[in-house]
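Asks: Sequence:
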Amino acid sequence: MTFPIAETFFAQKLANCEATVRKRAFVMLKKYIRRRCSGKKPFNASDISILWRGLYYSMWLQDNPVKQEDLADQIADLIGAFKTAYQKLVFVEVFFTEIGKQWYNLDKWRMDKYMMLMRRFFRAIVRLLGEQNWNDSLFDQISQIFKRTVFNPSVHEYPEGIKLHFASLYLDELDLSSGDKLNSRQVTTLLKPYINLLAQNISSSFETVIREEVFDAILLEASRNISQPDNPAQNCGLQFDFMEIADAIFAVAKEVRDAAKREAIYDIVKRFQLVASNIDPLQEELNTVYESDDASINSDMVESAANDLLSQNKSAKRCRKSSVRARKLKRNTIKSAVLLQKQEERSAGLNTKSHYLSDAVRLGRSVEDTLAEVRSRAWVTDLRALVRRVLSQCIPCRKQIGVPPKIQPSWLPSCRIQRPLCVFAQTGVDYFGPFYVSVRRSTVKRWICLFTCLAVRAIHMEVCYSLDADSFLAAFRRFTARRGMPQECISDNGTNFVAGDRILREGIEKLNNSKVQEYMAAKGVQWHFIPPGAPNFGGSWERLIRSAKRAMATVFMGRTTNDEIFQTVVVEVEGLLNGRPLTHVSSDARDPEPLTPNHFLLGRPYASLPSTLLEPSRAVSRKRWLAAQILVDQFWRRWIREYLPMLASSSENISVTKELALGDVVLIAKVANPRGTWPLGRIIKKYPGPDGITRVVDVKTQRGVMRRPVSRLIKLTSPISDLHEAAAEDV
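Letter by letter, the sequence shown follows residues 954 to 1684 of our numbering.
Be aware that one or more of the hints could be misleading.
Pairwise CB distance ranges (calculated) [claimed, not checked]: (1) K994 with Q1192: 37 to 47 angstroms; (2) G992 with V1019: 32 to 42 angstroms; (3) S1096 with S1419: 52 to 62 angstroms; (4) V1508 with E1612: 41 to 51 angstroms; (5) T961 with R1512: 51 to 61 angstroms; (6) D1194 with N1058: 34 to 44 angstroms.
Everything labelled a hint here was simulated from the structure, so no lab data went into it.
Yeah, the Cβ is synthetic: ideal placement off N, Cα and C, and Gly gets one too.
Modelling step: build the complete structure from the supplied sequences, incorporating the hints.
Replies: Following this line, the structure appears as structure tokens:
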């Protein structure tokens, strides 16, 4: 009869479905570890790996939240059961290795318990280092384990989710476990791994979390300390040598070859240097945004408003260290709560402080949590409205969860609702592609330039061999030779193309050059460009491009063809789209056939239908010519009577928000970039539409003036006059 080895026996018992069996096995495991560490046969990595499998499934089977916390603490405390430092380190390394192997097997319902286990385990590691007086040798060995796991820059060698979670808890646990025992030199040493990661080739999400959860958290806390120097709670916690940290970051930044990344790291260095000089970096950023030659806002007004805003919101900065400190300082209960009126100044201050202390604020869901925090200290009348007002003024919350304003849909331009002189009198232009065709033994790219009539929605497509201005002008000449010279052209400026096709964007941007504009001016064509980052301004042609792409994808199905077949397909798709109905397709045989763009181009609904043959003697008849004109006028009357009413906006009752004003500080949304890297700017000019509503503005940033649509701006602060009016209304 054979018996399983002890580690396998414990693994089986720890993974048992019966809770009592798992509990008894855990008590026996602790005794077994201590007894074996005292013997002559120490643990190796293989033995501990088997034990960890049992501990992993023991955590998996525990569904009670309270017991999950107790079990996580017990697993973390197993570090103390090992006697030698070597065995403790093996236990730590096996934990991070095994949790990394099993990470992708976790479902979303169980992942939170293992994230909590990781937090408790790291807390035990920090406690171990503190018991050893932060021994340099032990710390170096643990750092080497972390470099292979949670500090590993490779995306493929260790799960990215664990690294992101570890970065978010790093400062919290250091502050909670050893915040008052570490000196500034040791803290800088603990930050070195993340400083080094800034210069390495890591994923954008990992880099963003490091910036926000480590360095931005330190800077936000420092900003609060500078703005509130008399706060007694600031004497506890981690001690930072900001100039030493700035020097360490600067040293790694010099080795970065990517200019944009190096500039971003230098920006962090600059902020730490400001803090080292006792200058608030957040206020400095606001001052930079407000620097302007605009005479309507002088510097004294800006400084006064900025100080008022910062005094209200500085305590709302989301720093992990502050939330830990809040738990240390919390002493009041509901029994000692006092009654306050909503208008009292203490109410707003208490509300803002509670929002700052809230753990939920990092997720942007802090209304209920702030309510509970305030009511544990005081009972404020009409509290919910006060909470919403304070949260709406929290700049970090706006940066994290703010949304662009909702505006009323604009009126349709006159070129969409008035009868033009001819088809393609007002034309929208855009490119799409590339498509691949075979030329001899090579494969080359081809693009399609789409022209659409803004009135009758007819399209014309030309094949382009490149994206330079000469190729576009050749396509435009072919278009005008067959469709006539348009009076007005509107096009995209190239910054809103999908898939990040750099070559396509750069090529389209080249169309906005002097050569194209000179040619159009000579032909009497007015050329307009829609604002950058506003694809909704070009919806007229974007929808047709989608239809054309779908039709061509159905024909080609990923196959490569030659130029002749490709051009034939392009023309066939053009005819197909020009034959689509513009009005309702009735099931009643007595109703007229629906209008199509081909009615205005060819006089019949489909290009494939033959036209009526006339005798030569009757072809030039005046009556025949008049009949043709009457037929065309009937098409246009039907267009006005049937098609135009369908263009009426169906969203007249949209819930709009307050319009942005001059002087508003806004966050410029860039979908392709992480939210934490979006630039700040100040509105300096507005462009109202015919209905008086502003949908495009000029925004001044540190890098110059940008023209952006309102749908890409997130309001952070109001202009000076609005701030004073809001304060007066609250009083």
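Asks: For this structure, which hints from the list above don't hold up?
Replies: none
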